[in-house]
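Participant: Since each chain comes alone in its own frame, lean on the hints to assemble the complex.
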Amino acid sequence: MGIAESILLTIATAATPLLIAALGELVVERSGVLNLGVEGMMVMGAVCGFAGAALTGSAWLGVVAGILAGAVFSLLFAFLTLSIATNQVATGLSLTILGLGLSGMIGESFVGSAGLRLPSLHLPGLSDIPLVGKLLFGQDPIFYMSIALTAGVIWFLFRTRTGLTLRSIGDNHSSAHALGIPVIRYRYLAVMFGGACAGLAGAHLSLVYTPQWVENMTAGRGWIALALVVFASWRPLRVLAGAYLFGAVTIGQLHAQALGLGIPSQLLSSLPYLATVVVLVLISRNRRLTMMNTPASLGRAFVPDR
Amino acid sequence: MKRIAIGLAAALAASLSIVPAMAQEKIKACFLYVGSKTDGGWTQAHDIGRQMVDKELGDKVETSFLENVAEGPDAERAIERFARSGCAIVFTTSFGFMDQTVAVAAKFPDVKFEHATGYKTAPNLTTYNSRFYEGRYIIGQIAAKMSKTGVAGYIASFPIPEVVQGINSFILGAQSVNPDFKLKVVWVNTWFDAGKEADAAKALIDQGVDIITQHTDSTGPMQVAEERGIHAFGQAFDQIQAGPKSQLTAIEDTWGPYYVKRINAVLDGSWKGGESSWDGLKDGILSMAAYTNMPDDVKKMAEETQAKIESGELKPFTGPITKQDGSEWLKAGESADDGTLLGLNFYVKGVDDKLPQ
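Protein chains in written order, with this note's numbering: chain A, 1 to 306; chain B, 307 to 663.
Extracted from the complex, chain B is given alone in its bound form (with noise of 0.2 Å):
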């Protein structure tokens, strides 16, 4: 029943929000989102970069977006809809979009794909990536100087690798600052739900976990965290609003300047596609909010932190690192390379969970 409502609202959606092409010399981008343009999280980040390359680019280029469009087939009609209806480029912003963005743009050669988070390409399909793990290997280590327990809980959405890197680079910073440090996982299997977002953060919080950290899209566990009087991480956008007292800082995506980059490159016809782009903090893909609630020399390290993984000082997986299972990964000195970091599928040394598979 709900399958089918999700695509009638899907199909509605659809039909309702692309803006028909105005002007015949300006070309079109067109943006695929899983959940609300206003959802303070992940999906309202890619929106403000589409908003940018309204502002910088909106003489020569018109963009167009569909929100709520869930994972699956549902997905593969409306990436379809939007390459019938002349985009010239098509932005598939969810990792569950992958293989539909592969489907469709088998099917239509001529228009210009990119997909954001996966790691299949085609002749016309790109993938981006940001470094997320930069950031969640600082707020690793300011989690293991805040917490008084030495327990943190990460709210994990689906066992995909970005997840999977998060939650090791969390634990990682964390044990360069406490060795012992601990860290307990819940995976709600979703995206985007408040209320179930909110309850894994009290069930972690009833346990003594008293840092929280997600991997999911809403306000809902910050909320949570200010109300018991705990820290918590904002994820993809500042969340300050939702917990003045609780946010320690927030892992704030910014896509703007990557999304301008790339419409110019339509633009000058120097676009390639089979590529994958893969930016770190150094790029300005993703940023850190302002490091509040701490003390000065929590907020230092912090900022040093940064610093190095922005110079390329510091690798967040650079070993020596031990798997979960007491199996060694990296040897001192010795980095991860990216094509192991986007299959990853273990857990490092430290993580009180059992990895989904």
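Okay, chain A solo, but in the shape it has when bound (with noise of 0.2 Å):
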């Protein structure tokens, strides 16, 4: 394997996981709601897909768990902030709060235990093209999963009359209402869709990216998520580009202090977020724009009327 092939690997395992945190957060903040919590549904995703895998024995079974752990986790948010109108940032807040502690208790037991790999795809013959053949051919499951999530979260939203109305929610909830659209309905599904996002990417970083359970091993990659949301302007395939940037810049940064070129590694270690910055910076320049994507009622409690 040459050292191409193998940074860019890298780079796609280090990306996949904030890829598809971003993109289900995507859904949610697209249908009006802000989910703070990634991070706490995040690590559910890993200590309940790490803890499937173990006690079942099937990384696969892993992946599922870490799945529903997500989706589950994401309906206590769902339930306080649409049902009974609580106020999202703080709900959202405290879901990472409480996912954080909750998945160290529910952890306990299974921190340094040998963990299960979920087992990349080999072809014969295709996965060993040099340099694309393992990147195309060779990668672990979630990788393509992310890749189709991509494409079918840009189907969703902006080839299907579903995804229409899901948006119309997120710029008006009112007049959505008015019209006789179920919005709290629509809404409930987009979070949990999100927290079964995150639940995946949570579920890739016990079983993919490394093996094992520890206490805060999201380490911060849910709230870069959300970051990518908006560096993206609630765009899917800019999320993927921001993703795969975030990786490569993180990557690259290793690489860069291992070949002892000299430049201090603070500032190497803060490239990733200036890159945000900057960009940030050059998408907003154009206002009506990032308007135009910008969900007009993100963040709002709504409570029907009548």
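Worth flagging that the hints you see were computed from the coordinates, not collected in a lab.
All C-beta atoms in this analysis are idealised placements derived from N, C-alpha and C, irrespective of residue type, glycine included.
Careful: at least some of the hints might be erroneous.
To be verified - Not close to chain B: a few residues of chain A, all C-beta gaps over 12 Å, as computed:
hint	residue
1	F79
2	P141
3	G152
Claimed, not checked - Coverage of chain A stretches by chain B, computed from C-beta distances (three or more under 8 Å per stretch; other residues unrestricted):
hint	segment
4	98-111
5	142-149
6	212-221
7	251-261
Unchecked claim - Here's a subset of chain A near chain B, in silico, CB distances under 8 Å, partners left out:
hint	residue
8	A14
9	S58
10	A114
11	L205
12	Y209
13	P264
14	Q266
Facilitator: See the structure below:
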């Protein structure tokens, strides 16, 4: 395996959980709900994914457990913010805190135990093509799921009637309600989809990225996923680009250090965040374009008046 | 956003996990952890020390702890909470708690404080440290024997003296076996992020490193080493479970006896502040995990070096040593004094990195 190929593979592994979690949050925000609990749902997905795999002996069942855990955990957020209209920012933050604590408790007996790894794809012949073989045909299944998910979200949001309805709810929930669209039901489903995605991203961490369970193993990746959604101005393809850019800068700076180029490591470490800021500044220069994509009722509580 | 979340988490943790004092006659010993008590590394080693206090002094002492406390302003609140809640002695177990411990110690002259790995003391504040670098010298020697490429990779956390000592001691050990041995360093700027540490290990291996050593706390790098079929060293804790074929040995921290000794000193009134304790291999504050996955001659060399360090015959920082820039640091036979080591801020020759300042 050449060094270029190896670097590309590492970047893909680093970008995949960010991409999946950000895509989920994108759908949630497109429906007008701001869920800051991504980190909490992700870490729940990580611990339940690991536990599921360890208890059943099947990494695939672990993935399922991770997805379910994220979705079920997000229901708590959905109930609080949608059914009893609590503040979304505060509820999302508490979901993160609760998730970090709860996952530590659930995972206590799994710390240090050997993890199961989700096997990577291997197609004889195809996987052995130099440079791109492993990248295209030899990665872990969740990588392929993340690409399919990107395509699926684009198709759903911009090519289906349900997607159009979801976006209209995000833009103006009162009008949508007046038209007879079940706003709350749509948002429940969107939030659960976001939770399932965050759970899958977490399962990727504990079953592929570093197959082990340690407390707080998400280490802020949920927050990066949240930032990516804004960075991408709520466009799925830009989320993909952003996740890979972030992954590339993160891995690139480690390589720059190992090469001994003599660039200060603190500067290199801050590069991914600097890149985010620069892109944010660039895209927000065109106010009209930014506004066009921002869900207008994002973060506002909805109480049906009749 | 993340800051707020961490702050809230710390506040929540603070309100939940302090165990209220049960009996009046018992004194309270409190421990502040930077990571999770089951991190499989640094913090777990401290927690095992705390459990030893429970076991040996359980009838006279009650322990409590706070885990996952972020370094910085949050730590000050947590330490102050300890001081207010009636702790007789507070151990703060991360370098980054230093200034916060100093600040709270000044406010509570009747409470005794002990800060790990720092260099600031006060009349009621003592520091304690472990000569981790003695272990690093041994693993450097092993690395030089076991490496085929002649290059090792060092995953470093923050450019503080303890880590710089580790890097220098490792390369000095390695060069005592192979004078041309090289060391690549990657700073991840975190103590604990399994994913990032693993990425750093992959980057180093991709660039031709075939031995990994880490100065961070998760088992991520050990796992990568196992996967890629190269060797690595455990940090703070025996990580053989994460790398049954990879781990050559681990530098294990053993804080328990020190904690028991110091709390006994509080009980009999002989505890003194303003001191700095810096124990090493001979005192048992650190030990080497079983030497595995290596030929017998390498194992024998490692054991001999360990014995020499324990007897005081070998001091890793003994001249002739040249700095990275080529100037002389120590003349032949001259050993570095503790003051210089505790403020160490330069590399010795052979490190393929520029030290962040």
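Participant: All hints are to be evaluated individually against the structure, with a verdict given for each.
Facilitator: The hints, checked one at a time:
no.: 1; hint: F79; result: holds (21 Å)
no.: 2; hint: P141; result: holds (17 Å)
no.: 3; hint: G152; result: holds (25 Å)
no.: 4; hint: 98-111; result: holds (count 5)
no.: 5; hint: 142-149; result: violated (count 0)
no.: 6; hint: 212-221; result: holds (count 8)
no.: 7; hint: 251-261; result: holds (count 7)
no.: 8; hint: A14; result: holds (6 Å)
no.: 9; hint: S58; result: violated (20 Å)
no.: 10; hint: A114; result: holds (6 Å)
no.: 11; hint: L205; result: holds (6 Å)
no.: 12; hint: Y209; result: holds (5 Å)
no.: 13; hint: P264; result: holds (5 Å)
no.: 14; hint: Q266; result: holds (6 Å)
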